Each structure stands twice: as structure tokens, then as C-alpha cells.
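**Student:** So the chains spell out like this:
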Amino acid sequence: MGRWSGIALAGLLLAGSAGAEYGDVVLNRRAESEGMPPVIFPHWFHRIRFRCKVCHLELGFEMRAGSNDVTMQDIIDGKFCGACHNDEIAWGTENCDLCHSGRPGLETGIRGGHATKGPGVW
Amino acid sequence: MSKPWRHGIRAGVAALGLLAGVAVAGYWVPLVKDNLHDPESPAIGVLQEPAEALSKLPPDPAGNQVDWIKAIEDGVIQPRTGLHSREPMRIRDDFILLENTGEMPMVRFPHRSHTLWLDCKNCHEKYFVSRAGANPINMYKILQGEYCGRCHGAVAFPLTECKRCHSVPRKKD
Numbered sequence: 055m056g057r058w059s060g061i062a063l064a065g066l067l068l069a070g071s072a073g074a075e076y077g078d079v080v081l082n083r084r085a086e087s088e089g090m091p092p093v094i095f096p097h098w099f100h101r102i103r104f105r106c107k108v109c110h111l112e113l114g115f116e117m118r119a120g121s122n123d124v125t126m127q128d129i130i131d132g133k134f135c136g137a138c139h140n141d142e143i144a145w146g147t148e149n150c151d152l153c154h155s156g157r158p159g160l161e162t163g164i165r166g167g168h169a170t171k172g173p174g175v176w
Numbered sequence: 016m017s018k019p020w021r022h023g024i025r026a027g028v029a030a031l032g033l034l035a036g037v038a039v040a041g042y043w044v045p046l047v048k049d050n051l052h053d054p055e056s057p058a059i060g061v062l063q064e065p066a067e068a069l070s071k072l073p074p075d076p077a078g079n080q081v082d083w084i085k086a087i088e089d090g091v092i093q094p095r096t097g098l099h100s101r102e103p104m105r106i107r108d109d110f111i112l113l114e115n116t117g118e119m120p121m122v123r124f125p126h127r128s129h130t131l132w133l134d135c136k137n138c139h140e141k142y143f144v145s146r147a148g149a150n151p152i153n154m155y156k157i158l159q160g161e162y163c164g165r166c167h168g169a170v171a172f173p174l175t176e177c178k179r180c181h182s183v184p185r186k187k188d
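Taken in sequence, the protein lines are chains B and D.
So for the first sequence, the numbering used here puts the first residue at 55; every next one is plus one.
So for the second sequence, the numbering used here puts the first residue at 16; every next one is plus one.
Calculated from the structure, these hints are not laboratory results.
Do not take every clue at face value.
As the list claims (entries may be wrong) - If we take Cβ atoms under 8 Å as the criterion, some of the chain B residues that face chain D in the derived model are:
1) Tyr76
2) Gly77
3) Val80
4) Ile94
5) Phe99
6) Arg105
7) Ala137
8) Gly156
Said to hold, decoys possible - Computed cross-link-like contacts, DSSO-like style, restricted to lysine-lysine with a CA-CA straight-line distance of at most 27 Å:
9) D:Lys71 to D:Lys85
10) D:Lys136 to B:Lys133
11) D:Lys156 to D:Lys136
12) D:Lys141 to D:Lys178
13) B:Lys133 to D:Lys71
14) D:Lys85 to D:Lys178
Unchecked claim - Covered by chain D, according to a simulated footprint, are these stretches of chain B (three or more residues, beta-carbon under 8 Å):
15) 106 to 117
16) 129 to 136
17) 142 to 155
Please read these numbers as outputs of a predicted model, since none were measured by experiment.
The C-beta atom is built at its ideal place from N, Cα and C for all residues, glycine as well.
Pulled out of the complex, with its shape left as it was, chain D reads as follows:
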């Protein structure tokens, strides 16, 4: 079997190297310079600056530059679980190994990290059938914003972080 994507992966690693250079940890763009807020808006100066809140949370090299899992596990933040109720989250502790990754390391999906933030119904059966191996996931669909790419690359850590998902080395045979 030919493996044209191999070049992509090498290039991907190179691109990541470049990005690592760009992504200086601990730099948040002020609201007036974010190309989103109107610098003339009366809200500037009233709204909180990202740097003010995010610099106090556990650091991370990508996305919001916050390790959101650590922040919640260590109790640095305690986001509410309901509008009015304080019901605990439904936590699931297992890991699922997703093996169809070509020569990339395999993907280890941690239920726990996700159920700290999300309910089962956020994913099942809407985005994922709850049976190991039952979902035809691939990287193309993820980059299109399907499956894991629904959240990763949008709100959860970005897709440039290959190794955080592809974390289980493949045995050479």
C-alpha cells in the first residue's frame, strides 16, 4: 500500500515547528487589537481582557494558552454544572483506543477529560455512536469540523496538537 500522506505528516511536523515559533506562550491579544471588537465600542475598558483572566490559569502552548483540564481537575476554576442545579457531572473513566491512524501513533480517547465538561448526550448518539469502532472517523472529516473536529479546532485545543490525540505509539513489525 502506498502512503502518500506520509509526506503530509513530515511536512506537518515541520509546520508545527514553525508554529511553535509563532505561538509564544503567555501572549493574549488585547481586545482593541483583536480585529473583532470595535476599538470605538463603549464596551472596551468594561469587558475583561483575556490576559487578565487567562494568565492566572495553568499554562498551555496552544488555543487559549490554558490547560483547561488541569484548571478544572485542580479546582482552579469551578464552572457550574447547571443553570440552577449543582448536580455533579456524569463521569466516565475509561479510554478508547482508535487504531485507524495509518502510521501515525494511535489515538487514545479519554472519556474522563470530556465528561468533566460535557454530558454523555452532548456526544451520544448525536456525534458518536456509543460502541467502540462503530464510527467511521478519519482526519479529513475531523478537519472539516466533524467528529472530534466539532470541538477541537474551534473551542477545545486546536488540531495542530497532533500528539495530544495521537499519543499511543504503534509497535513496529
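Bound conformation, chain B alone:
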């Protein structure tokens, strides 16, 4: 029983360092290996505009970073990000740089802010 508290505390303390905005997601299952910078998805920006349910129920995004097999063709076909980034609800897929804005070498996963780095780290 006592084990989790140690693990938890190590995690919580480590998490003190500053970095990405809380809830940012890196999507880099294949972008970089196919010559494009990793994708950064900002939760904070999107949740101001949409309830969680829109993406996580209506559009079918699983709530586990890296578990959705999103390809650029899917997006162009109007799935995942492409359900909105279609020049109707939001700007379209020609704006490569706005999504593919990550530093080289980032790993897929959820990122935390100044208070925690998310369960992926623990």
C-alpha cells in the first residue's frame, strides 16, 4: 500500500519543472519519419471552443495519447483533425506549419504544465 505514495511523490516533485502548456499533446507516430516535424495539439486552445465530447465522442478520438492511428490521408478525407480543419469550421490542411510545429525528436504523448507531467510519465 505504501508503495504508491513514494512513486507519486517522485512524480509530483519531478513535475515541478516548467515546460509545455498543460495538456499539450505531441503526435509523432510517423510525421518525423516521413520528413515532417512532429504535430503539437493544444488542448487549452480547443477546449475554449469545443466540449470534450465533440472530439472524444462524436469524432471518436480515444482518450489515450498515441492510441489514435491518425494519418495525413485521413485528415484530408475529413476524419480526426480534418473534421474541422477543412476550411469550414477551421482553416484547412494547406497550413502544414501550424500543426507540424514541433521540435525534432519529440516523442508522442501528453505533456504537462508546471504542476504535473501527466500519467504517461508515472
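Using the hints, position chain D against chain B.
**Tutor:** Here is chain D on its own, set in the frame of chain B:
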């Protein structure tokens, strides 16, 4: 019964104290310094800075430093409920008391706050069976990203905020 986790909780409180010192409210890291965006990316300067949007929302000491429940309840933000439809959310107003918390205060789960953002089907029956007491939740699993930890510690307020969940004091006997 021995209670080894007690030390953990005391230490936890201490750690929180430290964190409170680190977590200066109202400080958002600029995109060029977030270790995520490429400072050379043409998107820098086009993308919105977190501080620009988030400083205008009701403040909070943790996570995005935004009280997202207040923001939505007060109508400061009006996130859409559907891609095309404007159907109202299905709201449930009750609270569920989760009592298996050792000597920590008990957990009060508010359906309302959650159904402002999420549909029943986001949680039921996928992550939680919809029957009070039917889910074998514990703190270890939460820290592993299961149950409440699916969202808290990732997108919803972080797990360092013990008291926001553990909010119902236990009567001493």
C-alpha cells in the same frame, strides 16, 4: 491495521507546499520556450500564446491556471456541444461519495461539473460502471492514468490537487 501510506500523505502535503511555491499563478511559458515548439517554426508568431488567451479566464493555481468550471458556468467561454448541432449537454446533477480513502477525506464526485464538458458515454460504461460503489478505484490506479486519472493529471486539473477530490472530512470516532 497499519497505515504506511500515512507518511506518504504527510510527505504529500509537504510536497504540495513546495509546489505551491513553484506554481506562481499567472505564469504561462511562451511557445518558443516550452521545449515543444520549434523556435524556428514559421508557426511561432502565428499561433496564439497561452498567456494571451488564458490570462483572460477565471484564475486557478494549477494546470492551465484556469478555473474551467467557473469559465463555463459563468458563460465566459461557450464551447460548442457538437460539430454542427447545438444540442444542449445531458446534465446530471447528483454527487457520489467515494468512501474508500483510508484516513484521507472522502471523495465527492460531482456529476454536474463533468457533464458540462462530457457526455455520459465518455465515462459509462467505458471507464466507470454506472452503479455507486461498483468500481474498484484506488489512488495507485489513478496515478497510472486509470479511472479519474484518465483525465486528471492529463487535461483536467492535476493530481497534486488532493483536496479538490478529497473534500469531505471523515468524522473521527
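**Student:** Could you work out which of the previously given hints the structure breaks and list their numbers from low to high?
**Tutor:** 13, 16
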